[in-house]
Every structure is written in C-alpha cells, then in structure tokens.
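Asks: Sequence:
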Amino acid sequence: MSKRVCLQSILSVQKTCLWGVLSGLGFQSGTHQLHLLPRRQISRCSQLFNASQHNSSTTPKVLVHFVNQDGVKSSVTVSEGETLLDVVINKNLDISGFGACEGTLACSTCHLVFEEDVFDRLEPMVDEEVDMLDLAYGVTKTSRLGCQVTVEGWMDGMTVYVPQDVKDQREISKGSK
Numbered sequence: 001m002s003k004r005v006c007l008q009s010i011l012s013v014q015k016t017c018l019w020g021v022l023s024g025l026g027f028q029s030g031t032h033q034l035h036l037l038p039r040r041q042i043s044r045c046s047q048l049f050n051a052s053q054h055n056s057s058t059t060p061k062v063l064v065h066f067v068n069q070d071g072v073k074s075s076v077t078v079s080e081g082e083t084l085l086d087v088v089i090n091k092n093l094d095i096s097g098f099g100a101c102e103g104t105l106a107c108s109t110c111h112l113v114f115e116e117d118v119f120d121r122l123e124p125m126v127d128e129e130v131d132m133l134d135l136a137y138g139v140t141k142t143s144r145l146g147c148q149v150t151v152e153g154w155m156d157g158m159t160v161y162v163p164q165d166v167k168d169q170r171e172i173s174k175g176s177k
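Residue numbering for the sequence shown follows the working numbering, starting at 1 and increasing by one per position.
Hints are computed from structural coordinates only; laboratory data are not their basis.
One thing to keep in mind: the hints can contain errors.
As the list claims (entries may be wrong) - Here are the simulated EDC-like cross-link-like pairs (lysine to aspartate or glutamate), alpha carbons at most 16 Å apart as the crow flies:
(1) K141 x E116
(2) K141 x D117
(3) K91 x E102
(4) K141 x D131
(5) K61 x E152
(6) K73 x D120
To be verified - Across the chosen pairs, the derived CB separations fall in these ranges:
(7) E116 x K73: 14 to 24 Å
(8) T58 x Y137: 33 to 43 Å
(9) T58 x D127: 21 to 31 Å
(10) T58 x G157: 17 to 27 Å
Note that beta-carbon positions come from the ideal geometry of N, C-alpha and C, so glycine has one too.
Work the whole structure out from these sequences, hints included.
Replies: Below, the structure is given as structure tokens:
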C-alpha cells in the first residue's frame, strides 16, 4: 500500500517535523511506501493532501481578493496550503477559461498578476512555469501561474488580477499539428 502526499504542503501548513508528519499519517517501518513529489508538481499537492488527512477547521484562514477580466472583485477566505488555482475552482469564482489544464503546467490559463510587494515574497518559479508564462498573453514582471502559487499566512488581504486575455497553449499546439 502506498500513500501519495506532498510533504511541502504538510510541512508549511502544519509547521511540523518530518517524523511527526509521517507518524501522523500512519507510516511505520516497512508497511508503507512514501512517494516524494518533485517541486514542479506542487499544483497537485492540495488534491493529494485531502480533507481526510487534514483538519481544515484548525488550518489558518487567509483572505484573498481576485479581480477578474471584467474588473469585478471577489473576496474569499481560504485555507493555507491551497493553490490559487484550487481556490478559484473550489470557490467557483467567475473567471472564464481559468485553469483549463487543471494545474499540469500545460496551458497558462491560470495566469495571474500580483502586486509587486507580494510577488517579491513568492517562492521562485520552476523552469516549466517560466516556459508557460513566455507564451501567455499580457505577461508582466509580476506574473505567475495560479497553479504554482500556494496560499500562505503572510498573503492575508492580498489582491491578484486576472489578465484581460487568456491563451490556452494546449489549443494552440493542436492547431499546429
């Protein structure tokens, strides 16, 4: 039997030592296999680390504001550890075409623009994210993909903006074949 879990999300949310996390998930010597997910798959972490493994009532809440393509502002309270893509999907926010590839770094439709002070504090981008942003419309120096940004406590009250236009790289690739 194997359990798939993103340790980065658990450690950042729970602020717990590795052994405590593994013990809490029922890992014992020789009974389970641990799969470490590479950093570039961080977008899948919130789906692998589900509610049955985590008590969301004890997770700190963060207020995030989204401004969609039409300039409409939506404010939502979310748990630390969720990606911004997951927030948009789970809260059913009105952002057309957002997250078409479901966080697999294949489309750039979850492109968001951050305020500079927030952008400067975000984790560094992986190469695949940089490649997708090179192909997105309306890229700015503070652009990131929502599937690669995980909500943290210090982000409370931040505002993110959805660019006017969205380009789904998967559709462009199909047309060139």
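Asks: K141 and E116 were given as a pair; does the straight-line alpha-carbon distance stay at or below 16 Å?
Replies: Cα-Cα ~8 Å, so holds.
Asks: Would you mind confirming whether the straight-line C-alpha gap from K91 to E102 stays at or under 16 Å?
Replies: holds (15 Å)
Asks: Does the hinted range 21 to 31 Å hold for T58 and D127 at CB?
Replies: violated (35 Å)
Asks: For K141 and D131, compute the direct alpha-carbon distance and say whether it is at most 16 Å.
Replies: At roughly 14 Å apart (the allowed maximum being 16 Å), D131 and K141 satisfy the hint.
Asks: Does the hinted range 33 to 43 Å hold for T58 and Y137 at CB?
Replies: Since T58 and Y137 have Cβ atoms about 40 Å apart, the given range 33 to 43 Å holds.
Asks: Take a look at whether the Cβ-Cβ distance between T58 and G157 falls inside 17 to 27 Å.
Replies: holds (21 Å)
Asks: Taking only the CA atoms, is the gap from K73 to D120 under or equal to 16 Å?
Replies: violated (23 Å)
Asks: In this structure, is the beta-carbon distance linking E116 and K73 contained in 14 to 24 Å?
Replies: Hint holds: Cβ distance 19 Å, inside 14 to 24 Å.
Asks: With the threshold set at 16 Å, check whether the alpha-carbon distance from K141 to D117 stays at or below it.
Replies: holds (12 Å)
Asks: Between the alpha carbons of K61 and E152, is the straight-line distance 16 Å or under?
Replies: holds (9 Å)
Taken one by one, the earlier hints fail for this structure at numbers 6, 9, listed in ascending order.
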